[in-house]
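Take the given structure of chain U and dock chain P to it, following the hints.
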Amino acid sequence: MYSQALNAPTPLADTSPEATRFQERIDAEERIEPNDWMPEAYRRTLVRQISQHAHSEIVGMLPEGNWITRAPSLKRKAALLAKVQDEGGHGLYLYAAAETLGVSREELVDQLLSGRAKYSSIFNYPTLTWADIGAIGWLVDGAAIMNQIPLCRCSYGPYARAMIRVCKEESFHQRQGYEIMLTLCRGTAEQKAMAQDALNRWWWPCLMMFGPPDSQSSHSDTSMRWKIKRFTNDALRQKFVDATVPQGHYLGLTFPDPDLRFEDGHWRFGAIDWEEFRRVLAGDGPCNRERLAARRQAHADGAWVREAARAHAAKQRAKAA
Amino acid sequence: MATTSITLDETPARALLLARADDALVLGHRLSEWTGRAPLLEEELALANIALDLIGQARALYQATELDEDALAYRRDAHQFRNALIVELPNGDFAVTIARLFLVSVASDLYWRAAVADPLLGPIAAKAEKETAYHVRHAAEWLVRLGDGTAESHRRAQDALDLLWPYTGELFEPVRSGPDPAALRPDWEEAVSAMIARATLRRPADGWMQSGGRAGRHTEHLGRMLAEMQVLPRTYPDARW
Chain U
2 MYSQALNAPT PLADTSPEAT RFQERIDAEE RIEPNDWMPE AYRRTLVRQI SQHAHSEIVG
62 MLPEGNWITR APSLKRKAAL LAKVQDEGGH GLYLYAAAET LGVSREELVD QLLSGRAKYS
122 SIFNYPTLTW ADIGAIGWLV DGAAIMNQIP LCRCSYGPYA RAMIRVCKEE SFHQRQGYEI
182 MLTLCRGTAE QKAMAQDALN RWWWPCLMMF GPPDSQSSHS DTSMRWKIKR FTNDALRQKF
242 VDATVPQGHY LGLTFPDPDL RFEDGHWRFG AIDWEEFRRV LAGDGPCNRE RLAARRQAHA
302 DGAWVREAAR AHAAKQRAKA A
Chain P
36 MATTSITLDE TPARALLLAR ADDALVLGHR LSEWTGRAPL LEEELALANI ALDLIGQARA
96 LYQATELDED ALAYRRDAHQ FRNALIVELP NGDFAVTIAR LFLVSVASDL YWRAAVADPL
156 LGPIAAKAEK ETAYHVRHAA EWLVRLGDGT AESHRRAQDA LDLLWPYTGE LFEPVRSGPD
216 PAALRPDWEE AVSAMIARAT LRRPADGWMQ SGGRAGRHTE HLGRMLAEMQ VLPRTYPDAR
276 W
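So the protein lines, in turn, are chains U and P.
Start counting the first sequence at 2; every next residue gets the next number (the working numbering).
Start counting the second sequence at 36; every next residue gets the next number (the working numbering).
In isolation and in its complexed conformation, chain U is listed as follows:
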């Protein structure tokens, strides 16, 4: 799925010959590879962004996983299970991409479980009906794609390459989600009401996924200069709204925004409740505690299994020696 748009701290200007050469390579659209010289702040920014992205994939398995055992047909059950499995796979490549920057998966997982690392705020909302599975595919994965397509050209090679594969799978998920919504909207009155309710609940949190408005994110310049980020939060958000509103109208749904109007070639939307965004990011969303508790529980319950695997491997090595 997707990592929250985030802002890098502004590093002190580095005028060393390596730093100058590094920026020239970035400007020339060359890819930076794991063994290349890179400024420490570039490495730190990437570790943070890639690991947040990985954590988001892993935590993102929970709200959708909530409906695997209740999917209403065998086809939907298989598709949802496969989708959630893809998310686990994305988590795995992203942790591997982060590891090329000199951190271990264990350290990163530890940061998630101890609450020090962030993940996308969207997964702190609950999935209350089957329509939420459609809405997540259509809207959350749709927003993820808007954010991630530019990341396929990110200056850091391993991240860019991981994103190419992730984006292919995400666009499949998005179509699948939209198709669930379409089926509901063409179904019974109860199904259509379920779809409308899901849109009402997911629309604003999805717009928040692009991160704070440009006016409040003065630090994104550095990420832009390093070509980790290529578009601003507001530009991506507008692009998402422009693409999504006609899709919602085709479904026959109403967006929960009385200020939504078409103007100068764009769908202009009303004010986002940034207070809610800050609150959810700070830990007070509807499901923050549950999500983290579920990850901790799985990790703790699996400790004896991981220990057994290590002990067996050590015995095998001892035998081979």
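The hints are simulated quantities; they were obtained by calculation from the structure and are not laboratory data.
The beta-carbon is built from N, C-alpha and C at its ideal position, and this holds for glycine as well.
Hints may contain errors.
Which chain U residues stay away from chain P? Per the calculated CB distances, all over 10 Å, these [said to hold, decoys possible]:
(1) P35
(2) K78
(3) W204
(4) W205
(5) T233
(6) A321
Restricting the straight-line Cα-Cα distance to at most 30 Å, the calculated cross-link-like pairs of lysine-lysine (DSS-like) are [said to hold, decoys possible]:
(7) U:K76 to P:K165
(8) P:K162 to U:K169
(9) U:K119 to U:K169
(10) U:K76 to P:K162
(11) U:K76 to U:K169
(12) U:K76 to U:K193
(13) U:K228 to U:K119
(14) U:K169 to U:K228
(15) U:K240 to U:K169
(16) U:K169 to P:K165
(17) U:K228 to U:K240
(18) U:K119 to U:K240
Showing chain P alone in chain U's frame:
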């Protein structure tokens, strides 16, 4: 209110397909319950993969009855399910999940190999056998890791085998048509005993064997599983999803 359950005429061919399909669906569903809870990320993916194979097998088998696959999965009551009891037991800890997957997959793999020549099951069996061979390998590797790993994992793996053993007899009960499961038992015994020994575990003694699943007499667990699985089609019987 009228019932949302279907009634069906179980011909011998249908009974054969339903027994195999229900085994696959119920075990696939149980494995899918691990989503988000697996002991490590790689295992999260592996369990989902196996669950997907099993749900795929169930769909192919239901479709071969020429009845609606979703009516069969979502509109039958527990007593109409024909799966062996072992697959409906709760997942328990990871050792129970792995031990069950191992015991059942070895039997399924032998069954699918025998069924390749069966006119009804043949086309499904060929694909299912390849998938099941991988399930056996995956479960066997874990059984060895758990049996040989630490004192705790050894104890849990042994407890799992002891818990599940009385449910293994049902896997070999004779059925009205198709390959005879009883004929597979010696090969199953050999394969299972060898792997249990490699895992430094003890093969439980054969005592009383539980039975009844093929006739629709289930444990307390299947009804709860179905209540969850079937909730949407039962609540909105006129909807299509």
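Quiz item: When the hints from earlier in the document are held up against this structure, which numbers fail?
Solution: 2
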